[in-house]
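So the protein lines, in turn, are chains L and E.
The first sequence begins at 468 in the numbering used here and counts up one residue at a time.
The second sequence begins at 417 in the numbering used here and counts up one residue at a time.
One thing to keep in mind: the hints can contain errors.
[What the hints assert, rightly or not] Keeping only pairs whose Cα atoms sit at most 20 Å apart, straight-line, the calculated EDC-like set for lysine to aspartate or glutamate is:
{"no.": "1", "chain 1": "L", "residue 1": "642", "chain 2": "E", "residue 2": "469"}
{"no.": "2", "chain 1": "L", "residue 1": "603", "chain 2": "E", "residue 2": "542"}
{"no.": "3", "chain 1": "L", "residue 1": "613", "chain 2": "E", "residue 2": "474"}
{"no.": "4", "chain 1": "L", "residue 1": "642", "chain 2": "E", "residue 2": "542"}
{"no.": "5", "chain 1": "E", "residue 1": "491", "chain 2": "L", "residue 2": "664"}
{"no.": "6", "chain 1": "L", "residue 1": "603", "chain 2": "E", "residue 2": "474"}
{"no.": "7", "chain 1": "L", "residue 1": "642", "chain 2": "E", "residue 2": "495"}
{"no.": "8", "chain 1": "L", "residue 1": "613", "chain 2": "E", "residue 2": "461"}
{"no.": "9", "chain 1": "E", "residue 1": "491", "chain 2": "L", "residue 2": "588"}
{"no.": "10", "chain 1": "E", "residue 1": "491", "chain 2": "L", "residue 2": "558"}
{"no.": "11", "chain 1": "L", "residue 1": "603", "chain 2": "E", "residue 2": "483"}
{"no.": "12", "chain 1": "L", "residue 1": "613", "chain 2": "E", "residue 2": "495"}
{"no.": "13", "chain 1": "L", "residue 1": "642", "chain 2": "E", "residue 2": "502"}
{"no.": "14", "chain 1": "L", "residue 1": "613", "chain 2": "E", "residue 2": "529"}
{"no.": "15", "chain 1": "L", "residue 1": "642", "chain 2": "E", "residue 2": "450"}
{"no.": "16", "chain 1": "L", "residue 1": "642", "chain 2": "E", "residue 2": "485"}
{"no.": "17", "chain 1": "L", "residue 1": "546", "chain 2": "E", "residue 2": "511"}
{"no.": "18", "chain 1": "L", "residue 1": "642", "chain 2": "E", "residue 2": "529"}
[Unchecked claim] Output of the computed footprint for chain L on chain E, the stretches with three or more beta carbons under 8 Å from beta carbons of chain L:
{"no.": "19", "region": "478-487"}
{"no.": "20", "region": "498-509"}
Think of the hints as simulated: they come from the structure by calculation, not from any bench.
The structure presented is a predicted model; accordingly, all values stated were derived computationally and were not measured.
Note that beta-carbon positions come from the ideal geometry of N, C-alpha and C, so glycine has one too.
Here are the chains, one letter per residue:
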Amino acid sequence: MSPKDNFVLPDLPENPSRRGFFKSGATAVTLTLAPGITVMAFGGTPASAAGADAGKRWGLLIDVNKCAKDCTACVTACKDENGWEGHGDPEQNSQWIRKVTMRNKSTGHETQMPVMCQHCEEPPCVDVCPTGASFKRVDGIVLVDKHTCIGCRYCMMACPFKARSFVHEPVNNQKPHAPRGQGTVESCTLCVHRVDEGRIPACVEACDTAGHGAMIFGDLNDPTSDISKALASYPSVALRPDLDLNPGVRYANL
Amino acid sequence: MKRLLTLVSLLFAVLAQPASAQDGGWLYGPTLPEATGDPHPEGNDYMRKYHMELMKHDRDMTLRDGDREIEASLKECFDCHTVKDERTGAPVTYEDERHFCRTCHDYVAVKVDCFMCHRSTPEGFEEPSPLHARLLDLSTQSELAKVENYIASLETSSDQ
């Protein structure tokens, strides 16, 4: 035995109970002061409220009428933000978000809309995952934990929206906030790194910048949020409502 | 016999040197690249043994609970532990055996999977394609010379 093994190990610098205290404190604030304060918490205070808030349910409302034909600002913004631009076989490249065109066969009318992970309340991808890698955060964002993903692709089979992609090729030069690698499944994260900072997803920002304003992001649990008001004032649908998945992404004028 | 005993005791005397003889470095083992920034308050011995525990702990909290006030992350490692190529001045990726993580992990033959998904250089640096790096590393002189020799041999054979 060498003297190297004898040094005294200090405690882990991280004290989990301290974080637990902060987290429960943040939740209490939201509960007692809601709904007046939650608006401010969403708009103004970034990062400081540590972690996902169980009192929130993040969602998107996409107004299909406002979605401009041949505009791909949201897709481009997502690629840039999360770095999933593919360089290989187009049939195998990842698609976190895609523009889908629907054509009414009898009238010939065409509708375009972006489709991404619908962040279901009852996600089939989470149900089928054999390792627990596919999971839903307490605030409703559905993610893949690539540390435990074995790339079996059951979730891709289970997803009715074809929202998930498998990474076939070796990857490097990833964004620090969006790690992705060969042999794992990935999908829209609702820009979770931005949401945790109090910002809105890149696609929503790009749609606003492009002047269309077809996407609204916000807390579905907060009746005073823009998205809740919009949902209350005009009709909207979930994709595949027959499946009863209660997605966080809703479509208006579809 | 006496000579053998002396030899053995000498050997023990050498091996029993405290590891901290070189100010936190190893007597035997890989040569670690210089780091920038303040030293770890926990000490190098602690970090050597527990860096993965720290990162594992915080990665789960970040990913699963959305806690962004993390204290240990790969991204932060590269703030101080980045090896730069002497010629180009660019940070080396995990493909390069001079990479900070590889100096130790190659030595102890422990495979690191982190960089299958995470970038191995600081944010902002454009990492070259992993495929190209694996095929041919033209940043080293010997590799370049090999290619030039090969082309030269082709030219001489076509002249004949």
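Here is what the structure says about each hint:
For the proposed pair residue 642 (chain L) and residue 469 (chain E), the alpha carbon gap of about 23 Å is over 20 Å, so the pair is violated. Distance hint between residue 603 (chain L) and residue 542 (chain E) is unfulfilled; the C-alpha atoms sit about 32 Å from each other, more than 20 Å. Between residue 613 (chain L) and residue 474 (chain E) the CA atoms are separated by roughly 15 Å; this keeps the pair inside 20 Å, and the hint holds. Taking the CA atoms of residue 642 (chain L) and residue 542 (chain E), the gap is about 10 Å. The hint holds against a cut of 20 Å.
Our distance criterion of 20 Å between C-alpha atoms is met by residue 491 (chain E) and residue 664 (chain L), whose separation comes to about 17 Å. Note on residue 603 (chain L) and residue 474 (chain E): the hinted pairing holds, with a Cα-Cα distance of about 18 Å set against a maximum of 20 Å. Under the criterion of a C-alpha separation no larger than 20 Å, the hint pairing residue 642 (chain L) with residue 495 (chain E) is consistent with the structure, at around 15 Å. Taking the CA atoms of residue 613 (chain L) and residue 461 (chain E), the gap is near 29 Å; set against the 20 Å cutoff, the hint is violated.
Between the alpha carbons of residue 491 (chain E) and residue 588 (chain L) the distance comes to roughly 32 Å, so the proposed pair goes past 20 Å and is violated. A hinted pair counts as satisfied when its Cα atoms are at most 20 Å apart, and residue 491 (chain E) with residue 558 (chain L) does not qualify at roughly 32 Å. Taking the CA atoms of residue 603 (chain L) and residue 483 (chain E), the gap is about 15 Å. The hint holds against a cut of 20 Å. Using a Cα cut-off of 20 Å, the hinted pair residue 613 (chain L) and residue 495 (chain E) is violated, with the two alpha carbons roughly 24 Å apart.
At most 20 Å may separate the alpha-carbon atoms for a hinted pair to count; residue 642 (chain L) and residue 502 (chain E) exceed this at roughly 25 Å. At most 20 Å may separate the alpha-carbon atoms for a hinted pair to count; residue 613 (chain L) and residue 529 (chain E) meet this at roughly 11 Å. At roughly 25 Å between alpha-carbon atoms, residue 642 (chain L) and residue 450 (chain E) are farther apart than 20 Å, so this suggested pair is violated. Annotation: proposed proximity of residue 642 (chain L) to residue 485 (chain E) holds, straight-line Cα distance about 18 Å (limit 20 Å).
Taken as a hint, the residue 546 (chain L) and residue 511 (chain E) pair is broken in the structure, with Cα atoms around 25 Å apart against an allowance of 20 Å. At most 20 Å may separate the alpha-carbon atoms for a hinted pair to count; residue 642 (chain L) and residue 529 (chain E) meet this at roughly 17 Å. With a threshold of 8 Å between beta carbons, the proposed coverage of the region 478-487 of chain E by chain L holds, since 8 of its residues qualify and at least three are required. For the region 498-509 of chain E, the proposed coverage by chain L is not satisfied: 1 residues have a C-beta within less than 8 Å of a C-beta in that chain, short of the threshold of three.
Taken one by one, the earlier hints fail for this structure at numbers 1, 2, 8, 9, 10, 12, 13, 15, 17 and 20, listed in ascending order.
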